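Colleague: Given the sequences, and given the hints that come with them, work out the whole structure.
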Amino acid sequence: MIPGSFEYHQPHDVEGAIRLLQDLGDEARVVAGGHSLIPMMKLRMADLGHLIDLRRIEALKGISIDGGTVTIGAMTTQHELIESKMLADAAPIVREAALQIADPQVRYCGTIGGNVANGDPGNDMPGLMQCLDATYTLAGPDGERQVAAREFYEAAYFTAREDEEILTSISFAGTAGGYAYEKQKRKIGDYATAASAVLITKNGGQCASASIAMTNLADTPVFSDEASDALVGTSVDDAAIKAATAAAVAAIDPAEDNRGPVEFKKHVAGVILARTVERAWSRA
Amino acid sequence: MNEMTPPKAERAAALKGLGTSRRRVEDVRFTQGKGNYIDDVNLPGMLFGDFVRSPYAHARVKSINPEAALAHPGVLAVLTAKDLEPLNLHWMPTLAGDKQMVLADGKVLFQGQEVAFVVATDRYAAADGVDLVEVEYEELPVLVDPMKAELPDAPVLREDIADAKEGAHGPRRHPNHIFTWEQGDKDATEAVLAEADVVAEEMVYYHRTHPCPLETCGCVASMDKVNGKLTLWGTFQAPHVVRTVASLLSGIAEHNIRVISPDIGGGFGNKVGVYPGYVCSIVASIVTGKPVKWVEDRMENLMSTAFARDYWMTGRIAATKDGKITGLWCHTTADHGAFDACADPTKFPAGFMNICTGSYDIQTAYLAVDGIYTNKAPGGVAYRCSFRVTEAAYFIERMIEVLAIKLGMDSAELRAKNFIKKEQFPYRSALGWEYDSGDYHTAWEKALKAVDYEGLRKKQAEQLEAFKRGETRKLMGIGLTHFTEIVGAGPVKNCDILGMGMFDSCEIRIHPTGSAIARLGTISQGQGHATTFAQILATETGIPADDITVEEGDTDTAPYGLGTYGSRSTPVAGAATAMAGRKIRAKAQMIAAYLLEVHDDDVEWDVDRFAVKGAPERFKTMKEIAYAAYNQAIPGVEPGLEAVSYYDPPNMTYPFGAYICVLDIDVDTGTADIRQFYALDDCGTRINPLIIEGQVHGGLTEALAIAMGQEIAYDEIGNVKTGTLMDFFLPTAWETPNYITDFTETPSPHHPIGAKGVGESPNVGGVPCFSNAVNDAFRAFGLTHTHMPHDHWRIWKTANQLGLHD
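Protein sequences, first through last, are from chains A and B.
Each residue of the first sequence is one higher than the one before, starting from 1 at the first, in this note's numbering.
Each residue of the second sequence is one higher than the one before, starting from 1 at the first, in this note's numbering.
Quick caveat, the hints were computed from the structure, so don't treat them as lab data.
Some clues are possibly wrong.
Unchecked claim - Listed below are the simulated PhoX-like cross-link pairs for lysine-lysine, each with C-alpha atoms no more than 20 Å apart in a straight line:
(1) B:K721 <-> A:K42
(2) B:K421 <-> A:K266
(3) B:K474 <-> A:K185
(4) A:K185 <-> B:K797
(5) B:K721 <-> A:K187
(6) B:K421 <-> B:K458
(7) B:K721 <-> A:K185
Model, not experiment: these values are computed from the prediction.
Modeller: Below, the structure is given as C-alpha cells:
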C-alpha cells in the first residue's frame, strides 16, 4: 500500500491548476479530498507522475445561495455540507445524503467536487445531483462552460470533463416539497447496494412533480424520467409507487459483486426506491 | 504494630484483588497513543523488507528476474528460494507437522504467496523494488473446492509430498489429502443411528474467515555480528516458542536469541504462527548486518497470514421420540489451504473438535475429520477460540436446532432435556474429554427467565401472524445457544506444540519495600494481563495490585511459557501466578513467625498480613515481612523474597454460557436488526468483572461479524474476493448492538483459584446464537438450515427461496 513516486503541486488558483494540467499532460491528475485517487495510487492501479492538489485554491470553497440558486464550490467537504444550516434549509436532501457517505473521518476530507467529478458509480452525489438537476461548472484553458449533471456521466470513470478541465462548482435550485435519500449498505463506509434520491411536490393531494435518481445500480447514476412520470398526477398510492419502481428497475443495470448478484440488487433497488418515495411523499 | 488495624473488608478492598472491577492499567498508555507496537520499533540503520507475492493461486514459477529492482535506488537485495536453499530455509516446518515454503520454490500454491523478499533502505524503496521484480509464471489448474480435491482430474498441489503415503497424522489416501482424524466409536454410533426413533441430518458449513487484528503481523530482526546475538521483536503470541523454533531453524544457539513481543494490537490467533516474513527478516539481517523490519499491510494480512475455520461439517443426530439424544455422528472436511499450518497442539490435528458433543449428555458419538489441501492461504488458527472449539460449538448448536425441528419440539426444552446434569461432573464425554465442572440447568433457567423466553415466543408468533396478514415485512428470530468451551491447553501429558509441553509460568520478585514485579510466559494482546494477574497476586500475597508490575514478552527476562491463545492464560499462567504467590506466602509465614517469635504454625494469614493465632493485634504485614526478608538475618532462611512456578494443569477448564439473541429480518432487503442480546457466562471464579464484560462485548462483536458477513471468499480461480476492509466485514460501533451480560459462577475444581478463562467464550457461543436467530426467523416457513455468513443477499436469497417475495 505504498504509491510509486510522484511530483506534488499545490497551485493557489484555478488558472494555475489548469496551466499545470496543460503543461504536464497525461502524467498529471488533480486531487481534491483524495479518498478515491490516493487509494488507487497506493494500490498502484493509478500510476501518476504529478499530483495537483486543489486544497489551496480558496475560490473552490464554500456554499452560497443567490436568488434561490445554491452554488457549492468543488472543494467543499462533505462535512461542511452537513454543517451548513443554510444548505439544510435550501435543499435538505443534500445533508441527508451526505450523512450517509462513508464515515465522519472520510467526510472531513472528501469533497463534493471530487465525489461528482470522479465518475465512480458507487459515489452518492452524482445520483443526487441528477435528482436535483444540478449544473456543473467546468473551467479549462478556453474558459468556463456548464454541463448538466444529467448529461455529465458517460460510463464508469468516464465523464464529459476534458482532461485539461477542472470541475469548479456545482449549482442547483433550492428544493421545495418532500425529499428523501435512502441507501442500503452492508456497513458504515460501504458503497450502496442500492440507493435512491427522490424529490416530490404535492398539489391538492396529487403529486405535482417528481424527480428520481438511483446510485450504484449501473456504471453511471440512473435518472429516470419514466419513474418520475409514473408518480406525477397520482396520489402516490401503491399502484403509482409500483409503476414508478418498475420503471426505475427497468432503467438500471447493476453488476454482480460481493454485495450480491444482479437479481438481488434489482429487487432491493425496487424496495429501496419505494421506501424513498413513501418517505419523500410523507414530507411533501 | 500498634496502629489501629482497619477491618478485614477494608484491607481486602485496598488490595484490589480477585473480584474487583479494577480499571485496566494498560489503558493509560493505549488511550493516549503511547503504546509501543512493532512498527514503533525503529533502530539506527534499519532496513525494510517487502514481499513480491503471487498474483496466481496455482502456477509454476518459470523465472525471477531481480535486475531492475536491484538497479532501483535504495534496493539492496532481492532474496528468493534459491538464496535460502543453501541455509535450508527455503522451506520451514509448520506447527502442524507439515512444512511450508518460505519463498516460492518452483511453484506457487495460493494467491498472495511470498515469492521474493526485497530489502531496501526504507519501505518506499522496498515497495518500488517489489514492483520491479519480474516474475514469469505458468498458470496451473486451480483447486478451490475441497470436495473436488480427490476427483480424478484434480490437480496435485503438493508435488513435494505427492507420493508420501504417511503424513504427520497418519495415512494419506491421496496427494491432496493431509490426514484423517477419528475419535469415538464409529460402529456403536452407526448402530444407534440405525435404530433410533428420529435421526436429523444436516451439512453445516462454517466458512473461512480471518482474525484480522487491527495491528497486522510484523517483526524487526537485528543480528549483532559482534556478539553473535539475534534480537527479534515481533507480533508474537508465543515469544518463547518463536525463540525455540528460530534456534532450531537457524542453528543459532537459543541463549543467543532474544525474542521480544512489544505491545500487540490484537492477535486472536493470527499471531501464533511462524511466517515467512520472520524468517526472511532474520536472514536479511544476518546477510546485511543491519536490523530489518517487515510489516504486513492490511491486504497482505487478510490474504496470507493465518485464516480461521473453513470446516464442512456433516452431522447426524439421533434421539428418542420424546427428545432424548442417543447418538451423534460427524464428518468434517477441513480445508487447510496449501500447507497444513494449523496452530493446534501437535496430537490434535483438528484441535479440540471432539468437544462437539457440547453441553449434552450424548453417550455414543463418532467424529472423523479429513484435512485437505487447496489453493488457498495456509492457517486454520483458533480465531478467538480454543482450537476448533468454535467450529464444534457451531456444529452442535445448529444440530440441536435441526433436531428440534424434526422432533417438532422447542429447542430450549430439547437442550434442557439433554444437558449434562450438575451431579454428573466430572463428566467423561463420548469423544474423550473429562468436563471438570458445570451447572448448565441453573444457567439455562436464569437466561430464559431473564429474557422472558415464553413472552418472546408469544411476541414472535404475533409478529408472524401480522406478517402473514401483510401488516409487516419483518420476521422475528430467536437464537438460543448453550455452549461449553474447552480451554487452558493444556496438560503436558497430551498437549504439546512441536514437542514443547503446554505448561506456563510465573516468576515473582517482591522488592524490599513491599512492591513487586511478576513476569509470565504469556503475552497480552489486549486481554489486560497487567491488570488481572496483579489482582491474583494481590489476593495471594497481600500486596496491593497497584504495587505490582506485570511484565511479559521478553524471553531474556520472562520465564519460559507457551504464550497466549486458546484462552489459556488465566487457566495456565494464572494458575502459575497463584501458585508462585503461595510460595511467597509460605516463605513469608516463616519470616513472620520468626519476627513475632512464635512457631510457624502459630501464625495465620489475614488478608495482607500474618497474625498470631488468637492474638490478632500481634501481626506482621507483608510490607514488613518483605523488608525483613532482605534486611534481617533470619536463621535457616535465605535472604530475599522470590518465587517461580511452572504450572502443568491437571485438566483443561470448561467455561460455559447461555446466550439468547432476538433479531428482526427484513425479508425484502435481507437486513437484520439485533433487537436484544443476552449473554450469561460462567467462567468460574471472576477475577475482574469489568474486564470480563469488556471481553464478552469484544467477543460477541467478532461473533456478530463472522455470523453476519465476515468471510475470506475466493472466486473459482482462487482470487481472494475479500482482501480489503471494504469487503471484509469488521464491525464499527455503528453495527454493534447493545449487549446485556450476566453470569453464574461455577469454580473449576482443579484450578488454584477456580478460574476458567473467558476471552473466547463469547465468540464460541455468539456465532451459533446469531446464526440460530437468523435460521429461527424462517423456521415457520420450513427452513431447516442456511449457511453463514448471513449477509444481506444470503438472507434475501433464503427469503426468496421460501417464496416470501411472491
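Colleague: It remains to establish, for every hint, whether it holds in the given structure.
Modeller: The hints, checked one at a time:
1. B:K721 <-> A:K42: 18 Å, holds
2. B:K421 <-> A:K266: Distance of about 52 Å is beyond 20 Å: violated.
3. B:K474 <-> A:K185: 18 Å, holds
4. A:K185 <-> B:K797: 17 Å, holds
5. B:K721 <-> A:K187: The hint holds at about 17 Å.
6. B:K421 <-> B:K458: 29 Å, violated
7. B:K721 <-> A:K185: Distance ~18 Å between K721 (chain B) and K185 (chain A) Cα, so the pair holds.
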